[in-house]
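Chain order of the listed sequences is S and L. The first sequence maps to residues 176 to 376 in this note's numbering. The second sequence maps to residues 486 to 895 in this note's numbering.
Errors might be hidden in some of the hints.
Pair by pair, the computed Cβ-Cβ distance ranges are [what the hints assert, rightly or not]:
no., chain 1, residue 1, chain 2, residue 2, range
1, L, 500, S, 209, 24 to 32 Å
2, L, 674, S, 306, 36 to 44 Å
3, S, 198, L, 648, 48 to 56 Å
4, S, 306, L, 582, 19 to 27 Å
5, S, 301, L, 658, 24 to 32 Å
6, S, 255, L, 648, 29 to 37 Å
7, S, 198, L, 500, 20 to 28 Å
8, S, 256, L, 656, 36 to 44 Å
9, L, 787, S, 255, 37 to 45 Å
Partial selection, computed: residues in chain L whose CB lies under 7 Å from chain S [as the list claims (entries may be wrong)]:
no., residue
10, 494
11, 495
12, 497
13, 510
14, 511
15, 513
16, 517
17, 579
18, 670
19, 674
20, 675
The set of hints was computed from the structure by calculation and includes no laboratory data. Backbone N, C-alpha and C fix where the C-beta goes; we use that ideal spot for every residue, glycine too.
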Amino acid sequence: MSALASPRARLQVVDVTTALVVTDAELVARALTGDAWAEEMIYRRHAPQVASVARRLLRDPVEAADVVQDTFLIAFQQLRALAEPAALRGWLGRIAVSRVHRRWRWQRVRFWTTQGDDESLADVADAHVSPERCTELALLDGALRTLPAKLQVPWVLRHVVGYSLDEVATACDCSLASVKRYLAKAEAAIDLHTGREDARA
Amino acid sequence: MPVPDRAPIEAELTPALDEAELAQVWRRVRDAQAEARVAPSRRRWVVAGVAVAAAAAVVLTAWPRAPRPSGALHGDVTLTAGARLDAPVARTVALDDGSRVALAPAAQLEVLANEGDKFVTAVRRGKVGFDVRPGGPRKWIIETDLATVEVVGTAFAVERSATELAVTVDRGVVMVRGERVPGRVVRLTAGQHLEVAAPEVAVAAPPVDADRPPTTVVSPTPAQVTAQVTAPAPAPAPVPVPTPAPVPTPAPVTAPAPVLAPVTVPAPVTAQATAPDPVAPPPLVVAPPPRSIIDRADELVAQGQPARAADELTAYLAGADRDATAGLAAFLLGRLAQDQLAQPARAASAFGQVLAIGSPRAIQDEALARQARALATSGRVDAARGAAQAYLQRFSAGAHRAEMARLAAP
Chain S
176 MSALASPRAR LQVVDVTTAL VVTDAELVAR ALTGDAWAEE MIYRRHAPQV
226 ASVARRLLRD PVEAADVVQD TFLIAFQQLR ALAEPAALRG WLGRIAVSRV
276 HRRWRWQRVR FWTTQGDDES LADVADAHVS PERCTELALL DGALRTLPAK
326 LQVPWVLRHV VGYSLDEVAT ACDCSLASVK RYLAKAEAAI DLHTGREDAR
376 A
Chain L
486 MPVPDRAPIE AELTPALDEA ELAQVWRRVR DAQAEARVAP SRRRWVVAGV
536 AVAAAAAVVL TAWPRAPRPS GALHGDVTLT AGARLDAPVA RTVALDDGSR
586 VALAPAAQLE VLANEGDKFV TAVRRGKVGF DVRPGGPRKW IIETDLATVE
636 VVGTAFAVER SATELAVTVD RGVVMVRGER VPGRVVRLTA GQHLEVAAPE
686 VAVAAPPVDA DRPPTTVVSP TPAQVTAQVT APAPAPAPVP VPTPAPVPTP
736 APVTAPAPVL APVTVPAPVT AQATAPDPVA PPPLVVAPPP RSIIDRADEL
786 VAQGQPARAA DELTAYLAGA DRDATAGLAA FLLGRLAQDQ LAQPARAASA
836 FGQVLAIGSP RAIQDEALAR QARALATSGR VDAARGAAQA YLQRFSAGAH
886 RAEMARLAAP
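Generate the whole structure from the sequences, applying the supplied hints.
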């Protein structure tokens, strides 16, 4: 008789739960026990925000995907280091921001050999956004490019991605007071660049 | 300076990464994790050398195998045939192929077969949502007493209430088959909804023993079938709902429910409630609806009375139609006899009934394999060999082919 092909594996239950009510803290606790489903839930829940952080800062979808991958690989490796499991979102943001900084450093090196054609906020505006708003986004994007990373990152996290002030503080690894100060400085610089300061005057 | 509050600009932008890109990244994360787990062990093997490898081989061959999980839902377990998912409260079962099964409160689902190429479950009661990973290797088959739902990759819900079966498709395409489905088969696409009414039970004789249900059944006629297919506007395509032709029946006690009408189940009228008429024909003896016999058997098994459950299933099968419900009942009887009662001859007979009925199709290979096993256990070696050979002919790629090959060998 001919050799029998090995059958495919049977379906396995990886978890039984009410997914919608599982908190980040529970997911982290379960992921720490090697629960693959919990890891996937963490990814599914937070990957869109991490992707948003990466893409809005790096302005490149391919680089953003790489950052998302790096972020979750590092996160799952270092999950035990997460002191406050409930603050998972900000912690993931911190890892993502650190990876973005690393890529910025590489981009500075590559600047001498390649011409950057990264996307602006207006380029990635949704189809329903009006032309006037697209113009504003383009202006805003130009203003953000003039900001140093120390101001740009908190502003993008807060006003583009939608992080809370606490999450911005966690992601930027600084105090809440510092975050507020950076945001205020960034606002002033953006107003100056976009002419809003003049309009107010 | 106060920091102004404003809506995140992200809402005005296209998603940073779409679903497909996020899924691709997740696969890369998983692959990298697997690689990270393997790499250190490779290094250790290189360092340890041949001596450690030999020791490991000895350990691997001598190490006792861990017992196979029984299907209980704790940690990583295999959903073996017979495993049952009960949901006192709503819960979701995540499977390792990325699929999800969401049970509404009080829903109950039983696994009939879990193999590499198919996953067969029976929705006993309540609402169960299925989110089947598209493109997966398995065909998912959901059996109910009213219809069979077949799917490869989609999201849909099956709800079995006391009066009807409802199938709602959120994504993809499913096929709903059954005697009570209009035209026997309906193709449902995203947004469409099918309702199949349970047969109406007209007259119920009082049980002789309050603990024991009646034992024969009046089968529903096709004219008693009620089905409703609805689709959102604009509907992708109208689903044909042919009206089943009325079939004469010897004792249609109630008028057939009109198609596309709400289902009503009249309250059972007990024969003893009225004075007996000496010239009238004997009162109809009506068994519980088909679903009840399986529920009843389930309850008895749960109460530790598998023998009584088997007896009731046997009695039911004596007067039942050759439909999917009878097939399920026979399969349940065979499994009880084989796994709990140590009655292989009875099991072989029951599995033979499943095969004779030919429905549900999804469990035919399991029934044939179990029949061969039961025949072998009961000492009927030649019959077992014949059944095993039949299995290999019919299900050459079946999950039990290795075992059947051994049984079929002279």
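Hint-by-hint comparison with the structure:
no. : hint                        : result
1   : 500/L <-> 209/S: 24 to 32 Å : holds, 31 Å
2   : 674/L <-> 306/S: 36 to 44 Å : holds, 38 Å
3   : 198/S <-> 648/L: 48 to 56 Å : violated, 38 Å
4   : 306/S <-> 582/L: 19 to 27 Å : violated, 46 Å
5   : 301/S <-> 658/L: 24 to 32 Å : holds, 30 Å
6   : 255/S <-> 648/L: 29 to 37 Å : violated, 53 Å
7   : 198/S <-> 500/L: 20 to 28 Å : holds, 25 Å
8   : 256/S <-> 656/L: 36 to 44 Å : holds, 39 Å
9   : 787/L <-> 255/S: 37 to 45 Å : holds, 42 Å
10  : 494                         : holds, 5 Å
11  : 495                         : holds, 5 Å
12  : 497                         : holds, 5 Å
13  : 510                         : holds, 5 Å
14  : 511                         : holds, 6 Å
15  : 513                         : holds, 5 Å
16  : 517                         : holds, 5 Å
17  : 579                         : holds, 5 Å
18  : 670                         : violated, 26 Å
19  : 674                         : violated, 25 Å
20  : 675                         : violated, 22 Å
Taken one by one, the earlier hints fail for this structure at numbers 3, 4, 6, 18, 19, 20, listed in ascending order.
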